[in-house]
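Residue strings, one per chain:
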Amino acid sequence: MWSYEKRLQYPVKISRPDPKVAMVILTQFGGPDGELAASQRYLSQRYTMPYREVAGLLTDIGTEELAHMEIICAIVHQLTRNLTPEELVASGFDKYYVDHTLGLWPQSAGGAPFSATVFQSKGDPITDLFEDMAADGTTM
Amino acid sequence: MERYNSRYDMRRQGWGRQMNGYLTPARSYSRDCDCGCAGSASPEMIAPLPMERKNIDQFPVTMAYVPWQKWHDTYDLCRGLNAGTIFPELDKPFLCARCVK
Amino acid sequence: MNEKCRLMQVIYETGFALDDAALYLDTHPCDPEAIQFFETTRNYYKKAVEDYTGQFGPLSHETARFTAPGTDGCGCQSGNMNCWNWVQDPWPWEGDDF
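Chains as they are written, first to last, in the numbering used here: chain A, 1 to 140; chain B, 1 to 101; chain C, 1 to 98.
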């Protein structure tokens, strides 16, 4: 069961829109290594973890990734405010805008829709933990 | 309860340097926030890396090992928020494609 | 720096520290230093949230209230109705001092 706290985990206050950058940042929302993928990976794997500590850890990390997803969406939302048609075309954001206007839709920067194929949940704890290390691989 | 100060350190007797009794907040949210909490101490100075490498050449091959984290000093909370972790030992630099030629 | 920003800064810092410390405690549930850090930080967090809620509005359903109509852009029709103040303030992604 989830509660919602009406704040971001880290504040986002962008004064200058930039749809070109928004197109790239969008991948951190719905792309293969994005926060939505991360949250679904951990929240899916936790059910078959045989140790309470690990199930707790995956629950808490998965929840935090949802909060990160919210930050990314806030960034894209603020980067795409008040755009003129000329700015839309010049930035390349027009290709996204035609299908979604300024709505947030989970896709990669290249346009691939979010899919469960970007993560794995195999029910084996070691396999799943290796999946997690590979995905969150900044320290590897 | 003492007034909040983002520099409180559980190991010290008193509190860190007070700033008008309250936290002076970061004016920007960049890594070197103006609150001065970034300081000059490197992560290693705050939480020295464990240098245990005993018998590592006797570990069985074909297995992966993950050392166990222990609690050391944490970052001041202002620095932790901006670093993305309160644990200095987890504060690794971001090096884009360092090993890629 | 006004009081709202100051309290939010405390909430950001202590809230984040609690998030990180909770992950450590998940795998080290009996670590006394971690437990002490968490409890102390949580006291500051709760106090800041309480102070913020009292002056500036709720951060959770638990502390949402029903305020008088006409305040904070409440859209309820006149009469004896009160307003669910959860929806009165800006949402966090709008970038208004959040």
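Everything labelled a hint here was simulated from the structure, so no lab data went into it. Quick reminder that beta carbons are idealized off the backbone N, C-alpha and C, glycines included. There's no promise every hint is true.
[To be verified] Among the chain A residues that face chain C by a calculated CB cut under 7 Å, a handful are:
no.: 1; residue: Met1
no.: 2; residue: Lys6
no.: 3; residue: Arg7
no.: 4; residue: Leu8
no.: 5; residue: Arg46
no.: 6; residue: Thr48
no.: 7; residue: Glu53
no.: 8; residue: Gly56
no.: 9; residue: Asp60
no.: 10; residue: Glu64
no.: 11; residue: Ala74
no.: 12; residue: Asn82
no.: 13; residue: Asp132
[Stated by the list, open to error] Calculated lysine to aspartate or glutamate pairs in the EDC-like style (CA-CA distance at most 20 Å, straight line):
no.: 14; chain 1: A; residue 1: Lys6; chain 2: C; residue 2: Glu50
no.: 15; chain 1: B; residue 1: Lys70; chain 2: A; residue 2: Glu53
no.: 16; chain 1: C; residue 1: Lys47; chain 2: C; residue 2: Glu3
no.: 17; chain 1: B; residue 1: Lys92; chain 2: A; residue 2: Asp99
no.: 18; chain 1: B; residue 1: Lys70; chain 2: C; residue 2: Glu39
no.: 19; chain 1: A; residue 1: Lys122; chain 2: A; residue 2: Asp18
no.: 20; chain 1: C; residue 1: Lys47; chain 2: C; residue 2: Asp26
no.: 21; chain 1: C; residue 1: Lys4; chain 2: C; residue 2: Asp89
no.: 22; chain 1: A; residue 1: Lys6; chain 2: C; residue 2: Glu3
no.: 23; chain 1: C; residue 1: Lys46; chain 2: C; residue 2: Glu62
no.: 24; chain 1: A; residue 1: Lys122; chain 2: A; residue 2: Asp132
no.: 25; chain 1: C; residue 1: Lys4; chain 2: A; residue 2: Glu5
no.: 26; chain 1: A; residue 1: Lys6; chain 2: C; residue 2: Glu94
no.: 27; chain 1: A; residue 1: Lys6; chain 2: C; residue 2: Asp31
no.: 28; chain 1: B; residue 1: Lys70; chain 2: C; residue 2: Glu33
no.: 29; chain 1: B; residue 1: Lys70; chain 2: C; residue 2: Glu50
no.: 30; chain 1: A; residue 1: Lys122; chain 2: A; residue 2: Asp33
no.: 31; chain 1: C; residue 1: Lys47; chain 2: A; residue 2: Glu5
no.: 32; chain 1: B; residue 1: Lys92; chain 2: A; residue 2: Glu70
no.: 33; chain 1: C; residue 1: Lys47; chain 2: B; residue 2: Glu2
no.: 34; chain 1: B; residue 1: Lys70; chain 2: C; residue 2: Glu94
no.: 35; chain 1: B; residue 1: Lys70; chain 2: C; residue 2: Asp31
no.: 36; chain 1: A; residue 1: Lys6; chain 2: C; residue 2: Asp26
no.: 37; chain 1: A; residue 1: Lys6; chain 2: C; residue 2: Asp19
no.: 38; chain 1: A; residue 1: Lys6; chain 2: C; residue 2: Asp89
no.: 39; chain 1: A; residue 1: Lys13; chain 2: C; residue 2: Glu3
no.: 40; chain 1: C; residue 1: Lys46; chain 2: A; residue 2: Glu5
Now for the hints, and whether the structure bears them out:
no., hint, result
1, Met1, "12 Å, violated"
2, Lys6, "5 Å, holds"
3, Arg7, "5 Å, holds"
4, Leu8, "5 Å, holds"
5, Arg46, "11 Å, violated"
6, Thr48, "17 Å, violated"
7, Glu53, "5 Å, holds"
8, Gly56, "4 Å, holds"
9, Asp60, "6 Å, holds"
10, Glu64, "6 Å, holds"
11, Ala74, "4 Å, holds"
12, Asn82, "12 Å, violated"
13, Asp132, "13 Å, violated"
14, A:Lys6 - C:Glu50, "14 Å, holds"
15, B:Lys70 - A:Glu53, "16 Å, holds"
16, C:Lys47 - C:Glu3, "14 Å, holds"
17, B:Lys92 - A:Asp99, "39 Å, violated"
18, B:Lys70 - C:Glu39, "18 Å, holds"
19, A:Lys122 - A:Asp18, "40 Å, violated"
20, C:Lys47 - C:Asp26, "24 Å, violated"
21, C:Lys4 - C:Asp89, "13 Å, holds"
22, A:Lys6 - C:Glu3, "18 Å, holds"
23, C:Lys46 - C:Glu62, "13 Å, holds"
24, A:Lys122 - A:Asp132, "12 Å, holds"
25, C:Lys4 - A:Glu5, "16 Å, holds"
26, A:Lys6 - C:Glu94, "12 Å, holds"
27, A:Lys6 - C:Asp31, "31 Å, violated"
28, B:Lys70 - C:Glu33, "10 Å, holds"
29, B:Lys70 - C:Glu50, "33 Å, violated"
30, A:Lys122 - A:Asp33, "18 Å, holds"
31, C:Lys47 - A:Glu5, "15 Å, holds"
32, B:Lys92 - A:Glu70, "24 Å, violated"
33, C:Lys47 - B:Glu2, "11 Å, holds"
34, B:Lys70 - C:Glu94, "39 Å, violated"
35, B:Lys70 - C:Asp31, "9 Å, holds"
36, A:Lys6 - C:Asp26, "24 Å, violated"
37, A:Lys6 - C:Asp19, "16 Å, holds"
38, A:Lys6 - C:Asp89, "10 Å, holds"
39, A:Lys13 - C:Glu3, "18 Å, holds"
40, C:Lys46 - A:Glu5, "13 Å, holds"
The earlier numbered hints that this structure contradicts are 1, 5, 6, 12, 13, 17, 19, 20, 27, 29, 32, 34 and 36.
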